[in-house]
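Participant: So the sequence lines, in the order shown, correspond to chains A and B.
Using this note's numbering, you'd call the opening residue of the first sequence number 1 and step up by one each time.
Using this note's numbering, you'd call the opening residue of the second sequence number 1001 and step up by one each time.
Bear in mind the hints are in silico, worked out from the structure with no lab data behind them.
Watch out, some of these pointers could steer you wrong.
[What the hints assert, rightly or not] Partial list, derived from the structure: chain A residues whose beta carbon lies under 8 Å from chain B:
| hint | residue |
| --- | --- |
| 1 | Asn12 |
| 2 | Lys14 |
| 3 | Gly48 |
| 4 | Leu69 |
| 5 | Met114 |
| 6 | Cys147 |
| 7 | Ser180 |
| 8 | Glu184 |
| 9 | Lys188 |
Quantities reported herein were computed from a predicted structural model and do not represent experimental measurements.
In this text, a Cβ means the ideal position worked out from N, Cα and C, and glycines have one as well.
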Amino acid sequence: MNLVILDYGAGNIKSIQFAFKRLGIDAVLTNNREDILKADKVVFPGVGQAKSAMEMLNRSGLEIVIPQLKQPVLGICLGMQLLCNDTEEGNTKGLGVFNVSVKQFSNQVKVPQMGWNTVTNLKSKLFNGISDNEYMYLVHSYYAEICPEAIATTNYSQIYSSALQKDNFYGVQFHPEKSSYAGEQLLKNFLEL
Amino acid sequence: MLTKRIIPCLDIKNGRTVKGINFVDLRDAGDPVELAKQYAMNGADELVFLDISATLEGRKTMLELVLKVAEQINIPFTVGGGISSVADVEALLKCGADKISINSSAIKRPDLINELSEKFGSQCVVVAIDAKLIDDKWLVHIAGGSIPTELDLFEWAKEVETRGGGEILFTSMNNDGTKNGFANQALKKLSEELNIPIIASGGAGKMQHFVDAFTIGKSDAALAASVFHFGEIAINDLKNELKKNNIEVRL
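Isolated chain A (complex conformation):
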């Protein structure tokens, strides 16, 4: 298994690398185009601000590479959001893989949403062995709206898409690498896709 984690300067990728290591897989951290293209699986992480993360993607040329990938790709947190059409965070244009917009939570609730919340309406092999209403760990201030590509939904101030899928592209708003055994199961499922 040749697993690549995109290393473009955004976020705590060590945790993701460690999570795969606990599953017996040594993931490679890289922003090298060739290495990414020939990988079996690609993880697209991201923590931080959308606009600056997008600028980092542009600088590394990854904004061209990512949408063309043919192998299974897993966007995590901001990685998932950047795969969407656009985000209200810094009015940033995304990669347009998922046909949905990312909005900011209203201040009727505490922002960011921080902690464990349930995922429901689970629809993909990515959730094999994970029960409906399982808890996942989330930290975010922006959310993807409900859309046909949703493969999981979560309720915080309103119901939103907490996981998305289109063809070989998967995205999860929560952090599987920090979501205890359920998160481990999801990563295992991704490896088995």
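Chain A is already provided as a structure; the job is to place chain B on it using the hints.
Facilitator: Chain B alone, transformed into the frame defined by chain A:
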């Protein structure tokens, strides 16, 4: 629904847990990684590691420990103690810490909060506040609660939020160590005045205290040390009790 969080706090000195720890199943109760694993298995939602080493050597050991914890633990964790610069935080996050917690250094130089949240995102910046109720006023203290300041808890907490702090960890010095419950009125006021999560700390003695911190105090999370370390409250039992009181928890 978003759940309330239960957070055990481990004090670390020179890479080892301090305070007597009463876990029969552990091979080495002084090993923070073993203890953290145990807590994660028993349903802790997050962990806090507070470095109380006073030496440079101790700090280096802390980085090695953070790396080991990140390797082995599958829930989020925060590291606090002796953090005073962007470089300190960068080193900890690189080793795999999810969040960091600052206290005195934020009061001495409030711009630190802005710098950290701009560079790393507010989601990883926890600001810890120790305060004591003196003549009807909650006064913020620094240096582990040993030095009083002129700052009012609520004003300072508001400033922390404005500057980009992602969470407030409020320890009531009046309650800490008493085992008589959390400072629920102050917690409630914080939670109502601020729009970021509030972690209750100081005073946990029995399960009802946690129920109160969530229902009366309106906290988003509750942190405790000794009741967990000495096995007085098992996290699983606590969560079942919270559930019985209609408090949303991860079971």
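Participant: Evaluate each hint against the coordinates.
Facilitator: Against the structure, the hints come out as follows:
no.	hint	result
1	Asn12	holds (6 Å)
2	Lys14	holds (4 Å)
3	Gly48	holds (5 Å)
4	Leu69	violated (26 Å)
5	Met114	holds (5 Å)
6	Cys147	violated (22 Å)
7	Ser180	holds (5 Å)
8	Glu184	holds (6 Å)
9	Lys188	violated (12 Å)
When the structure is compared with the earlier hints, violations turn up for hints 4, 6, 9 and for no others.
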